[in-house]
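Residue numbers (UniProt numbering), protein chains in the order written: chain A, 1 to 277; chain B, 1 to 212; chain C, 1 to 218.
No wet-lab data here; the hints were simulated from the structure.
Among the hints, erroneous ones may be present.
Unchecked claim - Chain C regions said to be covered by chain A (calculated; three or more residues, Cβ under 8 Å):
| no. | segment |
| --- | --- |
| 1 | 11-20 |
| 2 | 142-148 |
| 3 | 178-184 |
The model shown is predicted, which means the values in this text are computed figures rather than measured ones.
Just so it is clear, CB atoms sit at the ideal spot from N, CA and C, and this is done for glycine as well.
Each chain, written out:
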Amino acid sequence: MKKIIRYIGVMATLCAALVVLTSCGAKPLSEQNVLNNAKSTNTITWGVKADTKLFGLMNIKDNEIQGFEVDVAKALTKQILGPKGKAKFVQVTSQTRIPLLTNGNIDGIIATMTITKEREKQVDFSNSYFDAGQSLLVKKGSPIRNVQDLNKAGTTVLGVVGSNSVENIGKYAPKAKVLQLSDYAQALTALKSGQGDALTTDNGILFGMAIENPGYEVVGGSFTNEPYGIAINKGQTQFKGSINQALKHIEKTGEYNKILYKWFGNVQGFNYGEAKR
Amino acid sequence: MISIFANYGPDLLLGLGRTLLCSVIALFFSLIIGSMFAIFETTPIKFLRVIARIYIEVFRNIPLLVITMFFYVVIPLTFAKVDGFTAGTIGLTLYTSAFIAETVRSGIQSVNSGQMEGARANGMTFWQSMRLIILPQAYRYVIPPLGNQFINLVKNSSVLAFVAGFDLMYQGNVIASNSLDTINTYMAVGVLYLVITMPLSYYMRHLEKKLA
Amino acid sequence: MLTNFINAYSSMNIVYLLEGLAITIFVSVISIIGSYIIGAILGIIRYIKIKYVSAIVGFVIDLIRNLPLLLIIFFVYFGLPNIGLKPSSVWATIISMIIFESAMLAEIVRSGILAVDWGQMEGARANGLTYSQAMWHIMLPQAMKKMIPAIVSQFISLIKDTSLATIIVLPDVMHNAQIVYGQNTNYIIPMFLMLAVMYFVVCYALSLLSRYLEKRMA
């Protein structure tokens with residue numbers, strides 16, 4: 001009995017300590033103006049993916065992250081800070097991107113993040129900079145042709161933790177079981193070993209996989225709209241405004257289309273004409 | 001952190017249950033397999049010693065994630081279908097059993113070798129003296145490091161998260177990405193791990209006092 | 001399948017993995033040294049039972065070793081900036097490792113001393129040695145011998161646990177392997193195989209060292 005009381009005491013102390021720690025951890029950065037900081041240091045720090053083909057991928061040769069999102073971020077930086085403005089890139093994972101943003105390690109997240117209502121409670125989003133749509137990757141000859149085919153008990157769909165495409169499956173095919181793997185390569189490998197019947201995520205990423213794996217195809221068209229937005233801290237209205245302005249500008253001058261074509265122009269199945277702005 | 005418990009309580013409890021189930025299964029089998037290989041390593045039979053040595057060195061020096069991924073993606077290509085929970089539990093059992101074997105072996109060897117000789121001289125067989133004389137003493141030596149291994153096991157069960165085993169860490173990852181409140185989510189997860197590991201470590205301490 | 005292996009093991013990729021392995025080893029070595037020293041001190045404090053101090057140390061050790069390492073990494077990386085320190089991912093990992101592994105080692109050291117026959121201490125004291133002399137010259141060397149396998153097991157876990165820090169983007173061998181198979185998803189199995197080999201080589205070297213030390217001290 002004494003032991004149990006002691007145990008409960010330990011747990012209570014611990015919970016109290018954690019609550020205290022979290023409350024001091026929540027020191028807001030919103031009093032600072034990110035835009036002014038960026039202007040005075042002439043640098044904007046962006047959080048990007050480093051393991052996602054076409055969007056943000058580490059180049060092993062020179063240890064630099066390259067991709068569509070990196071180029072967009074560079075172009076935006078030049079618009080906001082002038083031609084001498086520097087863009088710094090920090091690799092983020094789905095677990096670290098929000099704490100890094102709220103801690104002020106990065107100024108904005110441009111990492112295949114779909115604008116959703118749920119996320120807008122935590123962060124602010126810029127206007128969309130890319131319109132993805134969710135699709136399915138299956139083995140060639142699979143009976144699954146579209147998302148309705150998944151809505152059967154016993155069907156298993158594979159996705160990646162932290163993407164909202166798995167939530168969408170819950171809406172479109174509530175009877176299917178969803179397994180969330182930790183990255184796209186692991187999800188694809190699980191698909192190949194028969195751990196699931198289909199792999200779902202945004203079409204841009206799936207097209208990349210289909211090229212590498214001729215035995216697999218993208219089916220079902222895009223059954224959702226996934227507008228990607230740049231996430232910034234709440235309250236940074238000035239910074240958000242200048243990002244949106246810069247985005248509009250590069251869309252008007254055709255720079256956006258140039259970047260889009262550079263990365264997606266030759267991707268089989270990707271409709272460049274529809275995506276250009 | 002409280003809001004995480006309030007909003008995602010059932011998911012977290014489900015994860016806790018899975019983690020607990022996987023840990024109990026893995027603990028049971030790894031203790032048996034581990035003790036078996038520890039005895040193999042201390043037998044006079046050279047063949048058994050070599051087998052045990054290879055088993056221990058292979059499984060203890062390869063990352064758990066690699067062992068688990070092998071069962072999750074390679075085995076289904078050739079043999080039977082293995083789901084994430086099973087693959088993770090098998091991986092965890094093999095991995096931990098190697099560590100337990102090494103711990104128990106050192107315990108057996110730290111028991112004075114005169115004891116074995118004495119028992120054998122009194123007419124006991126190797127297995128009898130091992131079971132009745134050596135092992136009880138060896139376990140006394142190894143309870144604290146064994147406790148470390150058990151706690152490691154519970155925490156290592158988070159490997160299930162990589163193969164969609166619906167354990168506590170998996171639920172934590174999912175909740176963190178839904179709520180976007182990463183730090184509080186992982187703190188809630190941490191508290192739930194403590195719910196398993198704290199009693200375990202107090203029990204080991206109790207056992208240690210009782211046997212001393 | 002075979003071409004995947006050949007392409008995955010291009011010299012560029014292997015060099016990239018080795019760069020990661022160097023980070024893994026660097027982080028591990030510093031953490032091993034740091035946690036060995038701190039762990040031994042904490043273990044002795046816990047064993048010799050100084051009023052209050054030992055109880056508090058004991059409680060903190062229990063708390064830390066029962067927490068998932070991942071959580072400690074998170075605390076250090078995202079918590080320290082709140083008190084004005086912004087460690088890089090390398091140092092955040094090293095700090096977390098030292099905190100966690102010291103607690104694990106303290107427990108091993110304490111049990112190692114416990115396993116030495118108390119009569120030895122009494123004998124030494126009867127022969128005129130002070131308590132600390134007896135501890136240093138008689139108890140600890142014997143305890144050390146008993147502890148070697150457990151300590152080395154713990155260090156092997158430590159080396160592999162550094163891979164948890166990929167979550168805070170430590171550029172270790174696990175992270176670099178993920179980057180490589182990000183280039184082409186077909187490289188994942190070859191990369192996992194290579195990871196197994198690399199970790200095996202490093203950890204096996206450590207376990208051979210443990211065998212050697214055990215024999216030499218016997």
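Taking the hints in turn, this is what the structure says about them:
For the segment 11-20 of chain C, the stated coverage by chain A is satisfied: 3 residues place a CB nearer than 8 Å to a CB of that chain, which reaches the threshold of 3. Counting residues of the segment 142-148 of chain C whose beta-carbon sits less than 8 Å from any beta-carbon of chain A gives 0, not enough to reach three: the coverage restraint is violated. Given a C-beta distance limit of less than 8 Å, the hint that chain A covers the segment 178-184 of chain C holds, as 7 residues qualify and 3 suffice.
Taken one by one, the earlier hints fail for this structure only at number 2.
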